[in-house]
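Residue numbers (the working numbering), protein chains in the order written: chain A, 1 to 575; chain B, 1 to 770; chain C, 1 to 113.
Simulated from the structure, these hints should not be mistaken for laboratory data. Quick caveat: nothing in here was measured; it's all calculated off a predicted structure. C-beta atoms are modelled at their ideal positions from N, C-alpha and C, and glycine is treated no differently. Any given hint could be a false lead.
If you want the ones that stay clear, here's a sample from chain B, every Cβ over 10 Å from chain C, calculated [claimed, not checked]:
hint: 1; residue: Gly87
hint: 2; residue: Ser210
hint: 3; residue: Leu701
hint: 4; residue: Ala735
hint: 5; residue: Gly745
hint: 6; residue: Leu767
Result set (EDC-like, lysine to aspartate or glutamate): computed pairs, CA atoms no more than 20 Å apart in a straight line [claimed, not checked]:
hint: 7; chain 1: B; residue 1: Lys641; chain 2: B; residue 2: Asp726
hint: 8; chain 1: B; residue 1: Lys737; chain 2: B; residue 2: Asp726
hint: 9; chain 1: B; residue 1: Lys79; chain 2: B; residue 2: Glu89
hint: 10; chain 1: A; residue 1: Lys156; chain 2: A; residue 2: Asp314
hint: 11; chain 1: B; residue 1: Lys667; chain 2: B; residue 2: Asp505
hint: 12; chain 1: C; residue 1: Lys112; chain 2: B; residue 2: Glu118
hint: 13; chain 1: B; residue 1: Lys420; chain 2: B; residue 2: Asp675
hint: 14; chain 1: A; residue 1: Lys528; chain 2: A; residue 2: Glu200
hint: 15; chain 1: B; residue 1: Lys667; chain 2: B; residue 2: Glu502
hint: 16; chain 1: A; residue 1: Lys156; chain 2: B; residue 2: Asp722
hint: 17; chain 1: B; residue 1: Lys420; chain 2: B; residue 2: Asp505
hint: 18; chain 1: A; residue 1: Lys477; chain 2: A; residue 2: Glu368
hint: 19; chain 1: A; residue 1: Lys156; chain 2: B; residue 2: Glu89
hint: 20; chain 1: A; residue 1: Lys528; chain 2: A; residue 2: Asp539
hint: 21; chain 1: A; residue 1: Lys26; chain 2: A; residue 2: Asp48
hint: 22; chain 1: C; residue 1: Lys100; chain 2: C; residue 2: Asp110
hint: 23; chain 1: B; residue 1: Lys426; chain 2: B; residue 2: Glu250
hint: 24; chain 1: A; residue 1: Lys528; chain 2: B; residue 2: Glu502
hint: 25; chain 1: A; residue 1: Lys317; chain 2: A; residue 2: Asp374
hint: 26; chain 1: C; residue 1: Lys100; chain 2: B; residue 2: Asp505
hint: 27; chain 1: B; residue 1: Lys737; chain 2: C; residue 2: Glu107
hint: 28; chain 1: A; residue 1: Lys317; chain 2: B; residue 2: Asp722
hint: 29; chain 1: B; residue 1: Lys58; chain 2: B; residue 2: Glu89
hint: 30; chain 1: A; residue 1: Lys317; chain 2: B; residue 2: Asp726
Here are a few chain B residues that face chain C, going by a calculated C-beta distance under 10 Å [stated by the list, open to error]:
hint: 31; residue: Cys276
hint: 32; residue: His640
hint: 33; residue: Ala751
hint: 34; residue: Leu752
hint: 35; residue: Leu758
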Amino acid sequence: MLLMAAILIPLVSAVLIAAAPEARAKTIALLGTLAQLVIACYAATVFDWSFSSRAQLGMSVAWFEGLGVSLSLGADGVSLVLILLTGLLGPICVLASSTAITTRIRTYYAWLLVLQAAMAGVFAARDVILFYICFEFTLIPMFILISLWGSTNRRKAAIKFFLFTFTGSVVALAGLVYVTWFNATLDRGAVPQVILSQNELLGTWTFDVSTLITAGQMMSASEQAWVLLALMAGFAVKVPLFPVHTWLPLAHTEAPTAGSVILAGVLLKLGTYAIYRFALPMVPEAVALYAPHLSMLCVVGIIYGGLICWVQTDVKKLVAYSSVAHLGFCMLGMFALNNTGITGSILYMVNHGLSTGALFLLIGMIYERYHTRDMNQLGGLAAKMPVWATFMVFFTMASVGLPGLNGFVSEFLCLLGAFQASSSWGSGAWGSDIEPVAAATPGALGPWFAMIAGTGMIIAAMYLLYMVGKVVWGPLKTPHGHAGGHAGHESSGADDHPAPLPTDLSGREIVTLMPLAVLCLVLGVYPKPLMNAIQGSVDQTVAVVREPLRTHAVTGAPAKPAPASPANTHGEGAQ
Amino acid sequence: MLNLIQDTIVHTQPESLGAAVEKAGHAHGQTDWSVAAIVALPLLACVLTGLCAALRVKSKLPAWITVASLAGAFALTLKTFAAHFMGAESHPFVVHVFDWVTFSWAADAHAQGPQTNELAANFAFYLDSLSALWMLFVTGLATLIALYASEYMSHDQGAGYCRFFAAFSLFVFSMACLVMADNLLLLYLGWEGVGLCSYLLIGYFYKKPSAVAAAKKAFIINRIGDLFLAMGVMLIFVQFGTVEYSVLFEKARPYIELARAGQFSQIPFLVKLIPCLLMGGAFGKSAQLPLYVWLPDAMEGPTPVSALIHAATMVTAGVFLIARTYPLFLLSEIALPVVAWVGALTALLSATIGMAQFDIKRIMAYSTVSQLGYMFCGLAVLSPSGGVFHVVTHAFFKALLFLCCGAVMHGFAGQLDLRKLSGVMKVPGWRIVGFGMLIGCLNLAGFPLTAGYFSKDMILAEAFVTPGTAVIGWILLITAGLTAYYTFRVFFRVFVGPVAYELGDEHHGADHGHDDGHGHGDAHGHAQAKGHADAHGHGGTHHEPHAPGWAINTVLATLAVLSLAATGLYFVGGDHGAVAGLVDQSSAGFHSPLAHHGAAEGAPAHEAGHAVVSYVPEFVHARAHGGEVHAGTIFGADPHKAMYFISAGVGAVGIFVAFWLHLAGRKSAATSRADALLPALGPIPGWAQGKWYVDEFYDFLVRKPLWVLSHIFYLIDSYLVDGLVDFIGAAPRAAGKVIRPSQSGELHGYALGMAGGLVILIVIVALVAT
Amino acid sequence: MTLAQTGAPAPMAPSTLGHYLLVSALLLVIGLIGFVTRRNLIIMFLCTELMFQAAGLAAVAFGRYHLNLTGQTLVIFILTVAAAEAAMALALVVLLFRRKESLNAEEWQDLKG
């Protein structure tokens with residue numbers, strides 16, 4: 001019921017906003033998002049963390065019975081953590097929009113809340129159709145947010161965003177429906193009794209997630225490969241992985257601040273979450289086989305995206321491209337397919353949402369004051385806005401991956417995961433060993449992937465410090481007509497700002513940033529609760545993927561740099 | 001020894017953190033929260049000074065908070081040191097504070113080895129004689145330099161002052177984490193943390209584009225080193241399953257035994273790779289070839305920062321890293337020789353650059369790079385105690401030298417050009433600075449019986465003792481002569497000789513990044529902020545240099561005394577002094593983690609048929625079994641004895657040359673006898689002054705290509721990758737354009753179409769029916 | 001229970017059905033030709049009604065032929081819909097006439113691609 005409430009309350013609030021007078025819209029939106037956050041927090045206290053791998057707080061109501069579709073909700077540790085992230089960013093986005101949005105206020109907040117509901121729905125869904133509906137439904141509010149309140153090139157950005165991601169996810173739906181069909185035609189007699197007793201719906205027409213996951217594992221290798229291809233077509237676009245990322249910089253740059261925050265904070269995580277939830281456990285054999293290829297895309301994205309950041313002049317575009325690089329790390333950890341990597345990857349989802357979301361907020365604050373994001377026109381703002389500058393440097397460092405802040409933990413674990421994941425460890429390929437290599441896991445990535453991806457850490461320092469060096473440090477430079485940067489200039493500018501903005505950050509803006517800053521610090525210094533929260537779920541996923549991974553490692557995956565000879569590995573196993 | 005480590009160290013399970021601390025405390029009969037407080041106090045100072053900034057404190061309060069906290073940390077360090085590491089034998093111990101990146105997972109059912117894997121990297125502190133020694137001089141010097149800075153930075157009181165001391169305290173916190181970490185990940189935290197503070201403090205005068213650029217350069221170049229360090233840490237974790245030192249040394253013991261037995265070919269390649277990766281990190285942080293270029297630029301920061309971070313403490317982190325993981329470095333034949341060559345070449349190269357510079361702070365920066373090269377050589381020629389001793393003595397005298405330069409800079413309005421300063425010592429009020437400088441210079445030049453003399457000798461002599469490193473020894477010896485020259489070039493030009501000076505062009509408060517000054521009122525007027533350099537005119541009211549006040553003088557005097565007193569460390573406790581005794585009991589000592597555990601006594605120095613590729617195998621074996629080996633000689637004499645005279649002679653020559661060229665007969669500040677000599681050397685002094693164009697070379701070789709590549713990528717992304725997407729999007733539109741004319745808009749057209757369709761349908765049905 | 005079982009009229013002969021269908025087809029073709037050739041909106045509308053009734057006639061005939069009520073049910077629906085549609089369509093025609101003072105269908109070509 002709690003999860004249902006977390007989805008319904010924003011929806012109800014959206015209806016209320018539509019019905020209420022314009023002046024109330026902001027208040028209702030804030031209350032609605034806060035209520036969602038409170039419910040998510042309460043759910044976290046009710047949740048039994050010792051069984052965090054299990055879907056809890058569940059409820060299931062038959063929906064279209066004939067089609068096997070049900071309104072089935074439930075959350076495991078990973079889902080709940082992401083629902084919490086969604087809930088946290090909600091009020092922050094409402095607060096951040098307070099002065100930036102001056103037209104069609106009711107429409108804006110109503111759609112924002114619908115978006116919140118849809119995102120929570122994606123993470124809570126335990127039914128494939130419900131998941132898909134929520135997954136796609138996030139597009140409509142975001143499309144409207146970008147196309148109505150975006151900047152100059154907003155219509156192109158909105159359309160590209162919608163069509164690009166929508167096209168991908170239709171293919172993903174086809175993949176999911178194929179698995180459903182496969183499950184429906186499954187011969188129950190051929191399934192071992194142990195598995196049957198745990199999944200009663202096996203072999204029937206159902207969209208239940210856990211049943212389909214079990215069924216998916218029984219598919220043949222080639223079927224799995226096709227399903228993986230279909231799933232990645234949808235989810236990789238959303239992440240976005242390297243060649244299908246081009247909607248992201250455009251959408252990020254054109255979206256209003258709150259839109260960018262949600263886009264970076266949660267919407268991108270829908271893709272990574274979906275890969276974690278569906279691709280990994282449903283088609284483990286294909287994932288194990290193609291992990292090196294997918295990882296290569298991640299590595300290319302890290303370096304390619306990072307270098308592109310370095311030559312941007314638009315601050316927002318720079319941060320947008322940095323998401324391509326950052327999500328490359330996240331997915332690299334995921335495709336390492338071991339505990340370290342996947343734990344890092346899920347931490348990365350949360351951490352990227354916090355730090356990049358905050359960077360977008362900060363850029364939005366500057367844009368509200370100077371109406372430009374061009375780094376050639378802005379500079380040395382530390383002299384004028386010390387509080388803003390402090391936050392900017394802080395979140396930049398979180399984004400760079402400075403140890404002690406949140407980004408480091410996840411980035412290091414992702415890289416370490418990739419580093420470990422090689423079957424050539426301890427295979428004798430590197431010389432004789434006195435004792436087996438302690439912490440290696442099967443896989444086909446290995447140190448080269450970590451090393452090359454690790455150069456992304458250097459590139460991240462290059463572009464982020466380039467940005468900070470231009471915007472925060474240096475001689476003060478503000479656009480013409482904003483030499484003073486005073487409130488008076490702002491309000492006389494054009495429109496009817498409700499309250500003129502001070503030179504430095506206002507109390508509201510500090511309140512907006514503070515929770516993110518605190519979380520960045522806490523998760524950097526004491527990430528343990530978060531790690532514990534997701535550990536059960538990660539263990540389960542790794543257990544599913546491990547066996548095929550081992551098989552592929554022994555027979556030699558195509559892309560492995562130095563395949564261990566089968567004889568040798570068998571010999572090791574016999575010892 | 002290793003057993004002792006194992007006995008003492010409580011390897012804690014994540015669940016029982018409270019118990020672990022208690023246990024560790026119990027073993028030593030005192031609460032170990034004082035150890036945690038060493039780290040916590042600087043952090044507290046950072047938070048409090050940050051609070052001062054928020055409350056717009058304009059007084060010197062932040063400085064006093066910092067000084068008090070750091071003094072407290074120093075006192076606690078001293079207490080810990082006295083309690084645990086004063087005796088002849090000391091035991092490392094671990095203080096667990098709380099869990100950080102710690103989780104475990106069930107191992108693969110097929111895996112050999114342990115059934116659960118754990119990544120345990122906690123906020124836990126590993127105290128042994130090495131880290132205690134390091135913390136002593138870090139906190140001690142930080143306290144003194146904070147006191148110095150309280151006066152030095154006083155022109156910036158307000159937000160800038162708070163910012164300075166917040167970053168300063170944060171630096172000490174990070175350094176404490178780096179040094180006292182019980183695992184490599186926490187060391188990495190400190191490692192990057194000091195990098196951040198270095199970034200913030202180099203860029204302290206953030207309105208100067210050069211300072212911003214220098215800060216960025218320092219951070220990025222350090223990151224290159226950090227990548228290697230991170231890879232090294234990962235490799236250690238994969239190979240040994242731990243990042244905690246205590247467990248690591250235990251797990252590495254079989255390999256160490258092999259090394260001791262001279263059987264290097266038995267050690268896996270991956271284990272040998274570890275030190276090669278770690279040294280990359282060390283080269284970045286400690287400004288060695290090829291990553292040294294950031295350190296001279298880092299002099300853009302305020303001088304106390306240069307003294308503490310870029311001379312005394314942070315830049316020695318690389319030395320610390322190697323000393324800490326010394327057992328791993330002994331496992332590879334090539335790791336230490338590489339370190340030796342890099343150190344020696346860096347020492348020589350930067351000494352040659354230092355000789356040709358005119359900015360006294362830059363000269364000191366290059367001398368730091370050069371001396372760091374010495375320290376690396378000390379470690380690499382198997383004299384870790386020499387290397388560490390040099391770190392300690394260098395910390396004192398180099399901090400002293402920088403602070404003296406800073407006092408000059410402070411008093412002479414930013415003047416640092418040695419051609420525009422002369423006879424400073426004779427100006428009233430500058431006596432203490434002058435004597436401080438003299439003591440520092442004597443130490444740096446290796447003048448007999450100073451601390452710098454003994455620490456340098458230990459390294460030089462050992463280079464000749466260790467077989468195969470005599471070339472390194474000769475390079476270092478030449479460098480010692482150059483060092484004496486350029487050091488006294490500064491002293492003779494600036495501090496003695498005829499009194500003549502020209503004030504610099506900066507005035508306190510006019511140009512330094514006083515970010516509190518811009519209220520709403522004056523913000524309009526300052527739309528284009530004045531850069532650092534174009535603040536002329538402010539000096540007009542200020543013709544006289546102002547002598548340093550009590551805080552600066554006290555600190556200089558204290559440091560001068562300490563630099564001299566450091567000599568004493570050579571004479572107390574043990575063969576090579578107290579520092580050597582401490583190092584010997586730590587991970588860097590030959591006698592601790594390499595202690596005998598029934599290794600194959602008398603095994604051949606190297607296996608038959610296995611060519612010795614370096615001096616390491618033979619010598620490690622010899623050290624492990626016979627202690628001192630006088631394998632090498634210099635001019636047929638025992639290097640340890642001969643070096644006292646040789647290095648004194650080389651130093652004296654350097655000082656005399658400096659005297660002859662730069663003091664004798666000099667009439668003005670700008671010219672000296674050296675000017676006459678320059679044409680004879682052709683273009684070489686110009687190249688040296690241009691820093692051998694290494695920066696330009698890197699720019700051409702790395703930065704420019706990368707920049708071009710980035711632009712190409714951006715073009716590809718905009719036109720090719722996104723172009724493809726747009727093309728796919730445009731294809732239906734194009735197809736529609738082709739079919740569109742068929743839609744005439746005429747009702748009858750559509751009706752005819754319908755009728756036609758109907759006819760076709762009927763025909764089909766008719767055909768199918770028949 | 002079908003009509004046949006209740007003692008309702010005997011089944012229609014196939015040839016009779018053919019006659020009905022022939023009339024229905026004629027009606028349809030007349031309507032179609034009228035729709036295509038005429039330009040007056042009201043005439044065109046009347047022609048569509050003619051085609052409608054052709055379909056209705058065929059449906060009734062088939063219903064009678066198969067002795068069930070489906071065809072008649074269909075026709076009743078068609079009639080109701082046609083009535084509603086006629087009201088809508090005539091209203092639209094009136095509106096269109098007001099716009100351009102003409103009932104010529106060729107005046108309206110806004111859907112041209």
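To see whether the hints hold, each was checked on the structure:
no.: 1; hint: Gly87; result: 96 Å, holds
no.: 2; hint: Ser210; result: 64 Å, holds
no.: 3; hint: Leu701; result: 59 Å, holds
no.: 4; hint: Ala735; result: 13 Å, holds
no.: 5; hint: Gly745; result: 3 Å, violated
no.: 6; hint: Leu767; result: 18 Å, holds
no.: 7; hint: B:Lys641 / B:Asp726; result: 78 Å, violated
no.: 8; hint: B:Lys737 / B:Asp726; result: 17 Å, holds
no.: 9; hint: B:Lys79 / B:Glu89; result: 17 Å, holds
no.: 10; hint: A:Lys156 / A:Asp314; result: 18 Å, holds
no.: 11; hint: B:Lys667 / B:Asp505; result: 24 Å, violated
no.: 12; hint: C:Lys112 / B:Glu118; result: 71 Å, violated
no.: 13; hint: B:Lys420 / B:Asp675; result: 15 Å, holds
no.: 14; hint: A:Lys528 / A:Glu200; result: 36 Å, violated
no.: 15; hint: B:Lys667 / B:Glu502; result: 15 Å, holds
no.: 16; hint: A:Lys156 / B:Asp722; result: 13 Å, holds
no.: 17; hint: B:Lys420 / B:Asp505; result: 12 Å, holds
no.: 18; hint: A:Lys477 / A:Glu368; result: 16 Å, holds
no.: 19; hint: A:Lys156 / B:Glu89; result: 74 Å, violated
no.: 20; hint: A:Lys528 / A:Asp539; result: 16 Å, holds
no.: 21; hint: A:Lys26 / A:Asp48; result: 35 Å, violated
no.: 22; hint: C:Lys100 / C:Asp110; result: 13 Å, holds
no.: 23; hint: B:Lys426 / B:Glu250; result: 59 Å, violated
no.: 24; hint: A:Lys528 / B:Glu502; result: 59 Å, violated
no.: 25; hint: A:Lys317 / A:Asp374; result: 10 Å, holds
no.: 26; hint: C:Lys100 / B:Asp505; result: 85 Å, violated
no.: 27; hint: B:Lys737 / C:Glu107; result: 24 Å, violated
no.: 28; hint: A:Lys317 / B:Asp722; result: 15 Å, holds
no.: 29; hint: B:Lys58 / B:Glu89; result: 49 Å, violated
no.: 30; hint: A:Lys317 / B:Asp726; result: 19 Å, holds
no.: 31; hint: Cys276; result: 70 Å, violated
no.: 32; hint: His640; result: 98 Å, violated
no.: 33; hint: Ala751; result: 5 Å, holds
no.: 34; hint: Leu752; result: 6 Å, holds
no.: 35; hint: Leu758; result: 8 Å, holds
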